[in-house]
Each structure stands twice: as C-alpha cells, then as structure tokens.
Amino acid sequence: MFDFLDQYDLWDAFWVTIKLTIYSGIGSLIWGTVLAAMRVSPVPVMRAFGTTYINTVRNTPLTVIMVATSLGLFQTMQIELGGGDSSETGFRLAVLALIAYHACFVCESLRSGINTVPVGQAEAARALGLSFFQVLTLIVLPQAFRSVVAPLANVLIALTKNTTVAAAIGVTEAAALMSTMVENESDVILLVFAVFAFGFICLTLPVGLLLGWVSKRVAVKR
Amino acid sequence: MNLRKASMSAAAALALALTATACGGDSDSGSDGDSLTIGIKFDQPGLGLKTPDGKYEGFDVDVATYIAKEMGVKAGDITWKEAPSADRENLISNGDVDFIAATYSITPERKEKVSFAGPYLMAHQDLLVRKDDDSVGSEKALRDSKLKLCSVTGSTSAQNVKKDVAPKADLLEYGGYSECLTGLENKAVDALTTDDSILAGYAAQKAHQGKFKLAGLSLSDEPYGVGIKKGDTKLQKQINDAITKMVDDGSWKKAADKHFGPANYEYDDAPKITETS
Chain A
1 MFDFLDQYDL WDAFWVTIKL TIYSGIGSLI WGTVLAAMRV SPVPVMRAFG TTYINTVRNT
61 PLTVIMVATS LGLFQTMQIE LGGGDSSETG FRLAVLALIA YHACFVCESL RSGINTVPVG
121 QAEAARALGL SFFQVLTLIV LPQAFRSVVA PLANVLIALT KNTTVAAAIG VTEAAALMST
181 MVENESDVIL LVFAVFAFGF ICLTLPVGLL LGWVSKRVAV KR
Chain B
1 MNLRKASMSA AAALALALTA TACGGDSDSG SDGDSLTIGI KFDQPGLGLK TPDGKYEGFD
61 VDVATYIAKE MGVKAGDITW KEAPSADREN LISNGDVDFI AATYSITPER KEKVSFAGPY
121 LMAHQDLLVR KDDDSVGSEK ALRDSKLKLC SVTGSTSAQN VKKDVAPKAD LLEYGGYSEC
181 LTGLENKAVD ALTTDDSILA GYAAQKAHQG KFKLAGLSLS DEPYGVGIKK GDTKLQKQIN
241 DAITKMVDDG SWKKAADKHF GPANYEYDDA PKITETS
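Chains A and B supply the protein sequences, listed in that same order.
So for the first sequence, UniProt numbering puts the first residue at 1; every next one is plus one.
So for the second sequence, UniProt numbering puts the first residue at 1; every next one is plus one.
No wet-lab data here; the hints were simulated from the structure.
Wrong hints could be hidden among the right ones.
Quick list of simulated restraints, FRET-style, between CB atoms [to be verified]:
#1 A/G84 <-> B/K163: 44 to 54 Å
#2 A/G84 <-> B/S35: 10 to 20 Å
#3 B/D144 <-> A/N55: 45 to 55 Å
#4 B/A141 <-> A/V34: 45 to 55 Å
#5 A/R47 <-> B/K162: 44 to 54 Å
#6 B/E185 <-> A/E88: 21 to 31 Å
Model, not experiment: these values are computed from the prediction.
Note that beta-carbon positions come from the ideal geometry of N, C-alpha and C, so glycine has one too.
When you get a sec, could you build the whole thing from the sequences and use the hints?
Here's what the structure looks like:
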C-alpha cells in the first residue's frame with residue numbers, strides 16, 4: 001500500500017522542514033523579543049515602530065510576505081542573502097519571511113507575559129536605580145518568559161505548519177514533495193495527503209507535549 | 001509512553017478519516033442530454049481561463065464546448081467547474097463533473113483511476129525565453145547548461161528538468177507560472193519551462209505580447225486527453241467522434257489558431273485518437 005513511497009526521499013524533505021522551523025524559530029524568538037522590548041520601552045519612536053510593524057506584518061497573509069521576498073528582494077532587486085544558487089537563496093528568503101511574520105506573534109505572547117509581572121516589581125527595581133534595560137532583562141523578561149512557554153509553543157507549532165508556505169517560492173520541503181507526489185501518484189492521492197498529515201503530526205505533537213510539560217515546570221507560582 | 005502511542009495512532013486515524021470524508025459526495029452524473037458539467041482550468045491563459053467578467057475562454061473550453069454540442073447540449077447549458085490538477089481524478093470519480101478537459105496529459109498512473117478520450121492536442125515540454133535571447137541552443141546543449149530555469153513546484157516539467165532535460169541547471173520552483181514571468185522579465189531567470197501550449201498561452205497574453213518567445217524544443221510528449229469516468233466506453237466513443245469531427249470540419253484548427261496564434265506557436269497537427277478502450 002505504501003510502496004509508492006520508495007522512490008521519494010521523504011526524510012530529505014522533512015529535514016528541510018525541520019531546518020526551516022529551527023532557524024526561523026530561533027530567529028523569530030530573538031526578533032520578537034526585540035519587538036516586545038520596543039513596545040514596552042519608554043521611547044515613543046520605538047513604541048510607534050513596534051506597533052506599526054506588528055499591525056502591518058501580522059495582518060498580511062504569510063503567502064504574500066513569502067512571495068514578496070522572492071519576487072521583490074530576489075528577482076527584482078537581486079538580493080541573494082549570500083545564497084549562491086536559487087534553492088539556497090530560496091531557503092534563506094523563506095527563513096527571513098517566516099521570522100518577519102512569526103516574530104509578531106512571539107512579541108504579542110511575550111507582551112502578555114510582561115503584563116503578568118506585577119507593576120510593583122518594576123517600580124521597585126526603578127526605585128533601586130536600575131535602568132530600563134536592566135529592569136527588562138533582570139526582572140521582567142525572565143518572569144515573562146516563564147509564563148508564556150505554552151503560548152510560545154502554540155506559535156512554534158503554527159510556525160512548523162506554516163513552513164509549508166515556503167513551497168510557494170520553491171523551497172524543497174515537505175509540501176513541495178507533496179506537490180510532486182500529487183502530480184505523479186494521482187491514483188493514491190488521499191494516501192499521499194495522509195502520509196504528510198501524519199508526518200506533521202509526528203513533528204508537532206512531541207513539541208506540544210514537551211513544551212506543555214516545560215511550561216508547567218517553569219510557571220511562576222503567584 | 002503507551003498513552004503517547006495511543007494518542008499518536010488516534011490522531012493518525014482521525015487524519016485519515018478526515019481526508020477520506022472529503023471524497024464522499026453522491027454521483028448522479030452521466031450525460032442526460034440537456035445539461036453537462038465540465039471541468040476546466042480557470043487560470044490557464046490560452047487553454048482554460050475565467051475572465052474577470054465571468055466568461056470562459058481557451059482551447060480546452062472550445063474543445064469541450066464542441067464536444068457538448070455534438071452530445072446535444074447547448075453552450076448555455078454547460079456548467080463550468082474548476083478542476084485544479086490535484087483534484088481532477090476525484091472530481092471524475094465522485095461524479096462532480098461529466099468530463100474534464102484541463103491540460104490533462106494521458107499517463108498510465110492516471111489511467112488507474114479514470115479513463116480518457118482523445119487525445120485532442122499533442123503538447124511538448126518547451127522553454128519560454130526573452131525575445132532577444134538566443135542562448136538556449138539545442139536539447140543537447142541544454143543538458144550541460146547551467147541556465148537558470150523556472151517552473152511550477154512539483155510539476156512533471158520540473159521533475160523532467162531535474163531528471164534528464166537539464167540536471168545541471170539551477171531550477172527555481174514557484175507556485176504558479178506568473179511568478180516565473182516576473183523573473184524572466186527581470187533577467188533573474190533565463191527560461192520558463194513547461195508544456196508549449198501553456199507557454200504559448202502566457203506569451204499570447206496582452207500584457208506579455210512581444211516580450212517572450214518559445215525556444216521550439218520538444219523535450220517530452222504530453223497528449224492532452226479528455227478525462228472521463230473509468231470504463232465509460234459509451235461516453236468515450238461519443239467524445240472521440242466529436243473530436244474527430246471537430247478536426248475534420250476545421251473548427252479544431254480555427255480554435256488552435258485563435259488561442260495559440262499570437263504567440264507564433266507552431267502546434268502539432270491534431271493527434272490520432274489513441275484512447276479506444
């Protein structure tokens with residue numbers, strides 16, 4: 001029943017999906033934290049930038065962002081991000097687009113986490129003479145992160161599945177292989193879908209269970 | 001661990017069940033003489049295109065309309081249904097459409113699930129290049145070339161490129177052909193590759209006329225057939241007769257000239273009917 005899979009390298013395709021997830025997961029965590037810091041900072045220009053960025057990017061469909069990076073940055077402006085050939089460039093552009101998009105959701109989760117830290121703590125830290133940066137990195141963010149592990153796991157799971165959009169700009173990940181198989185194996189088309197659905201469950205379910213456990217372990221008991 | 005295994009298999013079963021229900025649907029089709037539902041592409045200029053004002057045009061549409069006319073159905077009584085590549089087999093086997101004329105190449109895998117009539121057009125994989133670009137030479141030169149090619153993710157043409165047409169080329173895959181055209185115009189890619197009939201449709205579009213040309217290579221044979229329910233030999237004969245008549249009375253050539261002419265596409269003569277059960 002599954003012998004049609006022999007001629008395809010499923011692992012190769014899912015490995016690209018995993019790489020996309022890891023790189024853009026790390027990237028969006030960093031960029032999202034920076035954005036969150038901007039949104040709670042005392043500098044009005046930074047707050048305005050953070051708000052504008054998030055409201056623009058978050059409300060743009062990911063496919064549009066993805067295709068825009070490829071058609072705009074690569075094909076029109078010839079920015080290759082040091083990729084060399086088109087598949088490597090496509091991969092890097094896809095990571096860029098995924099980071100730009102998911103950082104918004106990381107930022108908003110993190111901001112809700114910041115709100116769980118009692119204001120008194122930040123005020124006390126200020127009273128002790130800590131700067132804004134010190135208050136954020138020493139007092140607020142460590143507690144904020146611990147309370148948003150579960151929402152961040154949601155973002156990571158969404159990110160894993162959203163990597164499939166990279167197929168639109170030719171990254172050879174799981175969804176691209178699925179299009180190939182749909183084209184060639186039209187007689188077992190539902191089986192093809194089931195195989196890929198199962199593949200994604202294998203990726204996301206353990207992540208969800210693990211991070212759910214972590215979130216219980218590290219939650220700040222108030 | 002046991003729980004995890006159980007939940008894993010439960011999730012898999014659920015996924016299977018969900019995908020399986022999607023292909024339910026009843027089947028009360030068959031050519032009843034006064035109306036037909038025909039599957040075509042809605043996004044392929046020159047072959048099957050839904051225009052902004054809701055009309056349908058293209059070579060596939062003309063062929064389907066002619067077949068319908070031969071079956072005693074007026075053009076106004078045809079219901080057009082979009083048949084994206086991945087859905088074609090299911091649309092037929094569920095009975096959602098009576099037949100499909102949507103750049104549907106006859107292949108052994110597809111014949112496992114559906115039957116074909118025709119073919120009505122013999123397309124070949126070819127390259128679309130910029131008008132002033134002569135760097136693409138023969139098929140042999142292409143095999144060793146390091147050109148930047150563009151095609152649609154997972155399509156047969158893209159697979160051909162990787163396997164034998166130009167394994168050393170730098171292949172860029174997009175979700176649709178329109179994205180490739182942007183790159184071709186900006187010189188980010190050297191050529192767009194797929195069936196010449198599809199390429200001709202794009203080159204003949206008003207926005208692109210005079211910018212691109214076909215390289216004129218025959219890299220593969222793609223006989224476009226009419227997809228019908230598996231084993232429906234009565235319908236197959238009706239359609240084959242209609243196609244033969246369309247070729248004989250000159251309507252076939254007229255339709256081909258109308259849709260492919262502006263691109264200077266030298267289409268093959270009407271192919272011999274091969275699908276006689």
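Numbers of unmet hints, in rising order = 1, 2
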